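Chains F, D and L are the protein sequences, given in the same order. Counted the way the working numbering counts, the first sequence spans residues 1 to 245. Counted the way the working numbering counts, the second sequence spans residues 1 to 293. Counted the way the working numbering counts, the third sequence spans residues 1 to 329.
A portion of the hints provided could be inaccurate.
Claimed, not checked - Dumping the calculated BS3-like pairs for lysine-lysine here, alpha-carbon to alpha-carbon at most 27 angstroms: (1) D:K91 / F:K138; (2) F:K138 / L:K175; (3) F:K157 / L:K175; (4) L:K12 / L:K175; (5) L:K175 / F:K71; (6) F:K157 / F:K63; (7) F:K184 / F:K88; (8) L:K12 / L:K316; (9) L:K114 / F:K71; (10) F:K71 / F:K157; (11) L:K114 / D:K91; (12) L:K114 / F:K88; (13) L:K175 / F:K88.
To be clear, the hints were calculated from the coordinates, so they are not data collected in a lab. Given the structure is predicted, the values throughout are model-derived calculations rather than measurements.
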Amino acid sequence: MRMLEGQGVTKYFGGLAAVSNVDFHIDQGEIAGLIGPNGAGKTTLFNLISGAFPISSGEIRFKGQKLNNLKPHQICKMGVSRTFQETKVFANMAVIQNVLVGAFFGTPTSVSGAEAAREASQVLEFVGLSAMSAVPVKDLTLVNQKRVEVARALATKPELLLLDELMAGLNSTEVSEAMELVNKIRDSGITIFMVEHVMKAIMGICERIMVFHHGEKIAEGTCNEISCNKTVIDIYLGEETNAGS
Amino acid sequence: MSGIERVLELILYGILSGGVYGLLAMGLSLQYGVCRVLNITHGEFVMLGAMLTFTISSTFNINPLLTAAIVGPLLFAIGFLLQATLFRGLKARTPSPPVFEGSALLVAFGLMYIIQYAAVMNWSAQQQPSVYLSYRVLFLGMNIPLNELVAFAIAVALGVAVYLFLARSRLGRAIRATAEDPATASLMGVNTNMVLALCFGLGALLAGVAGTLVSIKVQARTGIGFSNTVIALIVVTLGGLGSVPGSFVAGILIGIVSQLVIGLWEPILAMPVYYVILMVLLLVRPAGLLGKK
Amino acid sequence: MDITGFISKHRKLLLAGFLVLILIAIATLPLYGRTYDVRLMISILAYVAMAISWAMFSGVTGYMSLAPAAFLGVGIYAVALLQRELPFPVIIVIGGLMAFGLAILVGLVTLRLKGIYFAIFTFGLVVLMARVIEYLEAMLFNLHSRHILSVGTANSLYMMLGLAVVTVLSVYFIKRSRYGLALLSIGGNEEAAAHMGVNTTRVKVLLFAVSAIFMGAAGAIMAPTLIYINPGNAFGLVYSFMPILMAVFGGMGQLYGPVIGAVAFGYIEEWLRKELGGSFMLAFGIILILVIVFLPNGIVGLVPMVRSKLGWVIQKLRKGGQAEQHANA
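Let the sequences and hints guide you as you build the complete structure.
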């Protein structure tokens, strides 16, 4: 069974189709990427998967179960977690508290205070933030705030992790570190689906890439296939500034 | 008079008073839709309009309806200044829009008491004989006080004027753009601070004129603010926040309901009935009758 | 060891001792204070309970409830209706539970939606309840007001003190629990909280209703001190305004913030009421606005600043003392 499947996925905002009749799938254990110009519908697709918006038509299934009318907290408990394009951390709370929210509430069954605390410190160590667990998140640098978001999502014990533009705003070193982290996450058994603009990251870690344009999936394949695809290249002529950043 | 006639008369009264409710709601809708301030002092502006109408018309012996020409701009100025100084200053100091909305609400709560008690200190809590044009005329086969008809006509005329202004004029477009996306509107050259202040002032003006219209039908008192705020809030929600036609449709509906409850059942149950309507609305279609989903 | 060293070493113990002294002072007030003072204290303790419970929900989530007065009134009427039927302590619990029920209803209707609907609904709730009760009282019992039997001013004080303590402790433990964490996350970023598995609607409705319990209980305990009640004086919007003013002024970042606000404004209200008559509300409206704009974290927000200045002063005194010792050596 495929981990995540979508058929005919469509989302209208008013009269405009942000996502139009998209079929897609994510296999277990892979790192899949989603690229496309701004406004192509990538984050909207993520929002449809995570339950932030209701789908207009079509179906999305996670491990065979329909996600269509479920609320975000229910989808999270099923095993799908995510980060956000504009980091939505709990700014006035400490790092460890941010992660604890995920640890306490993200799992399908209730956990004890001790279990949640244990899970939270393990996750913090995994992402490299143990030293800052008591720091209020608003005092952290952007890259560390993104680490908090990832840690928080990991604390919900997901099987599928959606990363929305994780690399945005990071410098070259930080991008490499983030790429390592993503690989580490996949190696721990979590499937990853990531939206990215930073080509270095996409080409470096994704095994399969989908390309969106104007809400439609216009191409899909391995990194090589995509980078040789004429349509994709045409679309990205204007996006060259992002490549290699 | 037969039962049917009585009901029809109540419905007509309801439609007529609903026009003024629509005017009320429109002002509130502007203030929330554009400035993001849920102005729970709206009713107090109505009260100020009513009291000022009485004071000016009795002091200078003018037709109360004409005093709207003074009351309107005066309250516009107050609203304009409130947005330009107080709410703008608050916005600059709050970290996010939801926090601003919460803080603005509490600020309005404080403002409510300031205006109420300033009014009581100035005018005392007694009723003022401000009723005007109360003789009845024949309309659609029924004897209706002229002031009801006049108030309705003025309210609807103003409503249409505001609607056309928002829909057709350049400033109206700027207002709608600011309401939808202030950041983008600003980038496109709109002076959003001016737009916000104008809208808040306009909302206050509409409340003030509504106060004038109320005062010619009912004796003006300093205590009428609260119930007008509640009605405005319910009508705005029922009609859909941000929809001018919605405000009037909802206003008329509430007006009819109000007259039927007061005339056929029990005046004190009017507000509970509004709340039942509000509850049903929030459970079924929170966006309102004509609001965007 | 000098004084400042002693204080910092045994801080927690001294604080606990100080609090116990205050509680004893309050509890023994009937012995040395006038009836007027005791009644004022009852009022202040009621405000403490209401301000803290208001801050627990609205201060954290940003969903502004204007309904405290409605819950207070429900508690008052619970006593009015049941005072001859049941023992008083039971009625207090029932008052709390009735407020809980009303809050659940309000919450289920409005807390699934954006905060503005919650504010709109709770704004008129106080007057709504007054009208409904006025109608039912007239219709069912042909009554317009009720006489409440006294239980003794001293007993009312003890009960209100007990409620204030229970409220403080309950809110303390709730804040430390996972529900407190969930509430904080909703206030931080509600969408993210939902995506991390928090059932935001359920958490909001539940905790809003819990906060109402304390307000209902306060109303029930308050009732015997009012003697004659009618829907007008039992449901006054001012009883929503005052806890909010107190919580905002005191500061909602710490548990003791609303307590400071309640004590301060409890006394200020009495004083201003004598000096200015009814117009003191105008002054309070101005104060609320000034605090929201210029001191959004309340008095509590000033504590770090005061602490650092105080520390600096103490340091200087220490250095001065040491310099003297060296000079005299």
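- Violated constraints from the hint list, given by number and in increasing order: none
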